[in-house]
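A.B. asks: Spelled out from the first residue to the last, the chains are:
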Amino acid sequence: MSMPDQPLLAARRISRWFGENQVLFDIDLALKPGEVHALLGENGAGKSTLVRILAGYLSPSGGEVCLADEVRHYRSSGDAEADGVVMIHQELALAEQLSVEENIFLGRELRRGPFLDRRAMRERCRAALAELETRVDPRARVKDLSTSDQQMVEIAKAITRDVRVLIMDEPTASLTEHEVEVLFALIGRLRQRGVAILYISHKLREIERIADRVTVLRDGRLIDSGPMAGRSKEELARLMVGREINDMYPERTELASDAPVVLEARDMVVPGAVKRASFSLRRGEVLGFGGVVGAGRTALIEALLGLRVRSAGEVLRNGQPVVLRHLRDAVRQRIAYLTEDRKGKGLVLNMGLRPNFTLLNLRAYCRPLIDRRREDQAFQGAIERFDIRLRTQAATAAELSGGNQQKLLLAKVMSIDPEIVIINEPTRGIDVGTKHQIYHFVRELTDAGCSVILVSSEMAELIGLSHRVAVMCAGELTGVLEGEQINEHEIMQYASGIKG
Amino acid sequence: MNSVVPDNKPAARSRVSVDLKTWGPFIALLALAVLGMLINPAFLGLDNLSNMLTRSAFIGIIAIGATFVITAGGLDLSVGSMAAFIAGVMIILMNSLVEQFGPGLTTILLGIGASLLLGLCAGFINGMVTTKGKIEAFIVTLGTMGIYRSLVTYLADGGTLSLDWGVRDIYRPVYYGSLMGIPIPVLVFLLVAVAGYILLNHTRFGRYCFAIGSNEKVAEYSAIHVDRIKTMTYMLQGVCVALATIIYVPRLGSASGATGVLWELEAIAAVIIGGTVLKGGHGRIWGTVVGAIMLTMIGNILNLTDAISNYLNGAVQGIIIIVAVYLQRASWRKSAP
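Taken in sequence, the protein lines are chains A and B.
First residue of the first sequence? That's 1 in the numbering used here, and the numbers climb one at a time after it.
First residue of the second sequence? That's 501 in the numbering used here, and the numbers climb one at a time after it.
For the record, the hints were derived by calculation from the structure and aren't laboratory data.
Check before you lean on any hint, since a few could be wrong.
[Said to hold, decoys possible] Here are the simulated lysine-lysine pairs, PhoX-like style, with alpha carbons at most 20 Å apart:
no., chain 1, residue 1, chain 2, residue 2
1, A, Lys275, B, Lys779
2, B, Lys779, A, Lys345
3, B, Lys634, A, Lys343
4, B, Lys634, A, Lys143
5, B, Lys634, B, Lys779
6, B, Lys717, B, Lys634
7, A, Lys345, A, Lys143
8, A, Lys343, B, Lys779
Let's have the full structure, built from the sequences with the hints guiding it.
C.D. replies: Okay, structure coming up:
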């Protein structure tokens with residue numbers, strides 16, 4: 001046994017190269033038992049690379065990983081897991097067609113003789129799920145679960161192991177507020193058990209609540225490391241970005257009182273998701289959509305755009321009824337949509353950047369064959385306008401960091417020169433610097449006379465940007481808040497169905 | 501257990517492997533040709549080469565259509581029986597038209613027109629059932645494969661449908677003739693390949709095929725009419741099958757239940773050897789052309805040597821397919837850090 005103050009898992013002067021690019025420079029990091037260690041940094045700072053090295057998914061180009069002062073050479077994540085070093089992925093890594101129980105014990109099935117011991121696995125699985133206070137059925141197929149339930153399964157999978165070091169990469173990105181509380185309680189119990197926890201998150205408020213120690217990376221270098229006590233959110237944000245950010249949200253402009261309604265949805269009903277909802281959007285306005293995950297916001301918006309089937313409802317554009325059966329119809333009405341699932345629905349990951357950028361508006365470059373030169377010119381313009389930072393333009397979309405992917409996606413949807421922009425969770429899993437850019441971009445849009453619908457689970461974002469906030473709860477639009485009403489307390493009241 | 505997976509690939513090294521992937525099929529074809537030459541100098545004879553290319557034209561033309569289907573994430577198993585069915589209908593139609601128009605050009609042109617239309621319709625059916633019915637392409641085309649095969653057997657009453665001798669004489673040059681020294685089938689193959697290349701790499705339709713094959717959801721969220729594009733790939737495949745049939749019919753002047761058996765697998769093999777990814781998202785027309793020629797070349801080389809029995813043709817083809825794909829995949833793996 002190591003002494004309590006000795007690090008359990010340590011990175012010693014770790015560096016990592018990808019081809020000719022060095023992405024990590026001599027990083028030292030020590031995780032102590034019973035401590036929550038937060039790892040901060042902008043997208044592309046090297047956090048994911050570092051934790052993947054610690055968890056055995058990647059090997060370091062230089063330096064070493066030590067477990068209780070012993071140098072370990074992990075050749076696979078399996079080696080690390082055998083040591084009790086377990087990582088919960090940001091991207092869910094579950095076998096969709098298998099049941100919850102089969103997933104949790106995948107690769108380490110309990111056996112009695114040559115046969116699977118289903119009963120024992122069921123029991124341990126139930127116990128783990130109960131600890132997480134989730135109602136997920138161990139026999140349910142993972143495919144049929146919501147994203148947040150899948151995340152809980154991923155966490156259950158980790159805690160059923162004999163875990164000594166738990167690495168969590170953005171675990172709360174798709175969790176509801178209640179689930180976040182449950183997760184934090186669990187983290188507290190694991191900490192008491194002496195588990196060392198490495199926690200990556202962009203949400204500084206979370207870090208402030210649970211971290212004992214914090215390390216900040218910037219551009220692959222260690223910028224700061226030490227106890228959380230005595231460090232403020234603002235200071236950490238400044239360390240991450242390397243400059244002061246005090247105008248996170250741009251100043252709001254007043255909406256002209258005679259601003260016309262550009263889009264209106266009446267009595268929308270989406271089977272199984274939206275019971276009935278109506279709303280309108282005015283020129284130059286930012287209309288926020290608040291609510292918990294699963295309240296029906298995405299379903300409502302996608303039904304409006306023709307991406308989902310609705311059973312009732314009417315859409316009016318500039319006062320005229322329009323039929324939007326396919327996203328192409330929406331594009332023709334100059335409505336752009338930025339999906340919340342940039343990897344699953346937004347970008348073709350194995351495609352190059354230029355074809356990704358032009359995919360939505362490809363006909364603009366056809367006469368009738370695709371004009372590669374014009375395509376490329378437009379792409380160069382977009383790189384500049386949206387500040388997409390690239391190591392090489394020959395990269396595929398998968399190789400970009402999350403923030404740059406989001407900027408590329410934004411460039412793609414803006415390529416149709418829209419009058420209405422609907423953005424869904426624009427800053428999920430994105431660093432402070434990029435967030436700041438996106439917020440100011442939204443402001444530029446409305447200044448130019450565009451209207452924006454902002455669907456977000458981040459309260460601060462809704463409050464900071466919206467002229468009005470529509471709140472949904474369990475498939476119903478419970479209220480539309482204006483002016484002074486737009487505050488955290490009010491939004492929560494409507495989002496939880498207490499009001500409305 | 502998960503093994504160590506690559507993160508961002510190093511730019512420099514992956515570029516080298518891309519080149520290997522692009523040129524791999526060509527290098528393999530060259531190697532095979534050198535082997536053929538060493539075995540028997542007659543291999544390089546103009547007659548032998550033109551004969552070989554002519555034979556590869558059927559599978560080649562069908563495989564170009566298959567490249568689109570597969571790139572867009574689909575699969576068409578029905579092409580072999582579709583060819584037999586189209587050949588059967590074409591022969592019956594032309595035989596009956598002889599009574600009205602005589603064994604002339606009109607008869608043949610009507611026969612050709614009908615076969616193109618039939619191919620278009622057959623592809624449309626495959627596409628609509630797959631997209632609107634939301635059934636896997638494998639299952640749908642397995643079904644239509646059986647349907648067309650049994651239809652042609654039924655039309656031929658279990659025997660053989662033979663083309664009218666008068667028509668045959670006039671139609672003959674479409675397979676046996678040549679223009680500027682190039683056999684007509686090779687010319688058609690070349691034209692289809694060039695058109696296919698432009699369509700896949702320089703038009704919206706082609707770009708959409710890549711996007712759909714890579715990720716249908718992303719395509720949908722990029723305002724692409726996914727079902728329409730996918731159906732169009734099957735229709736294109738149908739037209740390619742019809743074109744192949746049009747140059748095949750004058751070769752033997754007959755069709756039966758045994759016509760075009762296993763062509764679907766040969767076409768898929770040609771596509772795969774050429775470097776198109778079976779699960780979609782990545783396709784290459786020139787690769788397919790090379791793949792089709794390679795498959796014919798293997799048989800041809802075996803004909804010219806006594807070292808390996810001609811009966812082992814299928815075995816050698818099988819080995820080549822597996823080795824070709826292994827080499828392509830291996831070059832990926834090497835590029836990982």
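A.B. asks: Give a verdict on every hint.
C.D. replies: The hints, checked one at a time:
1. A:Lys275 x B:Lys779: Given pair lysine 275 of chain A, lysine 779 of chain B is violated - Cα atoms ~39 Å apart, limit 20 Å.
2. B:Lys779 x A:Lys345: Roughly 18 Å separates the two Cα atoms, so the pair holds.
3. B:Lys634 x A:Lys343: 23 Å, violated
4. B:Lys634 x A:Lys143: 18 Å, holds
5. B:Lys634 x B:Lys779: The hint holds at about 17 Å.
6. B:Lys717 x B:Lys634: Within the cut-off at roughly 14 Å; holds.
7. A:Lys345 x A:Lys143: 17 Å, holds
8. A:Lys343 x B:Lys779: Since the Cα atoms of lysine 343 of chain A and lysine 779 of chain B sit roughly 18 Å apart, the hinted pair holds (cutoff 20 Å).
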